[in-house]
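Enquirer: Working from the sequences, and respecting the hints, build out all of it.
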Amino acid sequence: MEITYVVIITIITYICGAITKCFVDKVPSKYIPIQNVIIGIIAGLICYFTKIEPNLLQALVLCLVASMGAGGIADLSKLKEGE
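Residue numbers for the sequence shown follow our numbering, beginning at 261 and rising by one.
If you are wondering where the hints come from, they were derived from the structure by calculation, not from laboratory data.
Where a beta carbon is used, it is the ideal one built from N, C-alpha and C, also for glycine.
Any given hint could be a false lead.
[To be verified] In silico SDA-like pairs for lysine to any residue, Cα to Cα no more than 20 Å straight-line:
id : residue 1 : residue 2
1  : Lys281    : Thr270
2  : Lys311    : Leu324
3  : Lys290    : Thr280
[Claimed, not checked] Simulated restraints, written as ranges between beta carbons of each label pair:
id : residue 1 : residue 2 : range
4  : Asn315    : Cys282    : 29 to 37 Å
5  : Phe309    : Pro288    : 31 to 39 Å
6  : Phe283    : Asn315    : 28 to 36 Å
7  : Gln318    : Lys286    : 30 to 38 Å
8  : Ser289    : Lys311    : 30 to 38 Å
9  : Ala278    : Gly329    : 18 to 26 Å
10 : Lys286    : Ile263    : 31 to 39 Å
11 : Asn315    : Lys281    : 29 to 37 Å
Expert: Spelled out as structure tokens, the structure:
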């Protein structure tokens, strides 16, 4: 079950990233956490409506934590490269 959340979040992140790259030239980094929250909410809804997670609140929380955690890890890797 847990790997399913990761796969869904990865696919949605890829789609949102591709849309952002195509239609928006430069997104300020201050809006990336908002994008991560949107990704978490969409992934949570998908997990709930596809019956991967029977509880809506738990699906939303799990996907929000995962998407925000992934964003934090990406920021840490960029910080490490900048040193």
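Enquirer: Each hint needs a verdict: does it hold in this structure or not?
Expert: Evaluated hints:
1. Of the supplied pair hints, the one linking Lys281 and Thr270 holds, its CA atoms being roughly 16 Å apart against a limit of 20 Å.
2. Between the alpha carbons of Lys311 and Leu324 the distance comes to roughly 17 Å, so the proposed pair stays at or under 20 Å and holds.
3. At most 20 Å may separate the alpha-carbon atoms for a hinted pair to count; Lys290 and Thr280 meet this at roughly 14 Å.
4. The hinted window of 29 to 37 Å between Asn315 and Cys282 holds, with their beta carbons roughly 35 Å apart.
5. A hinted range of 31 to 39 Å for the beta carbons of Phe309 and Pro288 is consistent with their spacing of about 32 Å.
6. For the hinted restraint 28 to 36 Å between Phe283 and Asn315, the CB-CB distance of approximately 34 Å keeps it satisfied.
7. Checked against the hint of 30 to 38 Å, the C-beta distance between Gln318 and Lys286 comes to roughly 36 Å, which is consistent with it.
8. With their beta carbons about 36 Å apart, Ser289 and Lys311 fall inside the hinted range of 30 to 38 Å.
9. Distance hint check for Ala278 and Gly329: the Cβ-Cβ separation is about 22 Å, which falls inside the suggested range of 18 to 26 Å.
10. With their beta carbons about 34 Å apart, Lys286 and Ile263 fall inside the hinted range of 31 to 39 Å.
11. Between Asn315 and Lys281 the beta carbon distance is about 34 Å. The supplied range of 29 to 37 Å therefore holds.
Checked against the numbered hints above, the structure violates none of them.
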